[in-house]
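S.K.: Kindly produce the complete structure, drawing on both the sequences and the hints.
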Amino acid sequence: MNGVLNPVKPGIICLLFLFCLTWAGAQRVHAALLDGLLDDVEESLAEGLAKKGEKLTTGNFYTDDKPNAHAPIGMMGDHTHEAGEVMFSYRLMHMFMEGTRIGDDSVSNDVARDYGKSVFASAFPDHQCVTGHDCAVGGYRVLPTSMRMWMHMFGFMYGLNDTVTLTLMVPYLVNSMDHEVDNGVKFTTRSEGFGDLRFGSLWRLWAVEAPSLGAHRFHMNLSLSVPTGSIEPTDVAPVAHDGGLRKIRLPYPMHLGSGTVDFYPGITYGGEMGRASWGIQALGTLRLNTNSNDFSKGDAYTINVHGAYELIENALSSSVRLSWNHWEPYDGFDSQINRQHICHRPAANDVHGHMDHGHMMSDSGHVCLHHGEPDHAHPTVQTAFPNLLGGQRLDIMFGVNVLFPDFMGLENRLAVEGGFPIYQYLDGQLETDSVVTFGWQAVY
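The sequence shown lines up with residues 1 to 444 when you count with our numbering.
It should be emphasised that the hints constitute simulated quantities derived from the structure, not laboratory data.
One or more hints might be untrue.
[Claimed, not checked] For lysine-lysine, the following BS3-like pairs were computed, each having C-alpha atoms within a straight-line distance of at most 30 Å: (1) K117 <-> K247; (2) K52 <-> K66; (3) K66 <-> K55; (4) K117 <-> K55; (5) K186 <-> K117.
M.R.: Given below as structure tokens:
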């Protein structure tokens, strides 16, 4: 596990989180959290339904055995379980990215390389070249051309009581990124391993239903992740001046975890009427500290809106989902990641530049040949700049859920969902082309 700096803030959150879970277990509550607090609303609804000869049912979070009783498989934490109920799940998720996007425009490799000039100038405004020329004259030396991300997600859910459902998620990631050097050399780097362990709870808030009203259910999502995923993956790459291979610490997109304690708050709404179902989910990802390598990933926010329809009763449903994702740039940086080879004069107050046996040295520790000429005087690769890692994306996803008859007391579901972005605004990153998720869920 990676070290964690400044543990006070995440420690307080963890203690509050554990206190809430302990309270829920000790109380053995059998109601939604907002039961009794919305009496006026329930009374008004009940009076209106009574005129139609209908009865309002409250507090019912259970649904009939329908394939669309669960949200599309790409969503997590979408439903709760009754007391004592257990669910195991497995998801295989794949994301493919290719080409660079700056703002909302896809750009050519030449434009992407040239973008390194402005990136360097904005990221390092105080650096001056020894020769007086633009340090970023060559743009990026290395350009990522595509990336594949595979994630195996093992999940567990348990109904602690009629209010709280406990959750646990264990990810295993496999990342590969293809690159092209400005001299035409191509190479691939790879990282693989367990990601950050995530545990949490779903808290039932309120539920009402009636024949003409449909069923409406609300619950709160609360979870934490601990930094079990590596933020120091390594691989070999042709980054030496002579083109030889060297073992390097891989840039940020290849990391397996955040290195920080992260808090995931959210709220989920689900509704259904007849064969149709729908839902909305809003989630946040808040980084609670700085990791042991002096940076933290940016906070992130997600909104999911989905609708589904039961095509074959108790067997098959189809779905469509819109997913909006916004993520902030990183805060801080890892000084061991080879972001650039910067050659400059060391001043008295310059903590970066230094001399070594009469040679000018770069920030990354490379000797600057010819007193800072462009060999080592421009950024290396865009993925090593933390200020380029913010963006937003709107995806459209299409899915299918299959519900099988109970077998040996198990309710089994298979599901698949796939789609693509319909809008992306990125800070000069690889753009996403497709996202696919396959999943299996077994409830006992």
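S.K.: For every hint, state whether the structure bears it out.
M.R.: Verification of the supplied hints:
Between the alpha carbons of K117 and K247 the distance comes to roughly 26 Å, so the proposed pair stays at or under 30 Å and holds. Distance hint between K52 and K66 is fulfilled; the C-alpha atoms sit about 27 Å from each other, no more than 30 Å. A hinted pair counts as satisfied when its Cα atoms are at most 30 Å apart, and K66 with K55 qualifies at roughly 23 Å. A hinted pair counts as satisfied when its Cα atoms are at most 30 Å apart, and K117 with K55 does not qualify at roughly 68 Å.
This hinted pair checks out: K186 and K117 have alpha carbons roughly 22 Å apart, not beyond 30 Å.
Hint check: a violation occurs at hint 4 only; the rest are consistent with the structure.
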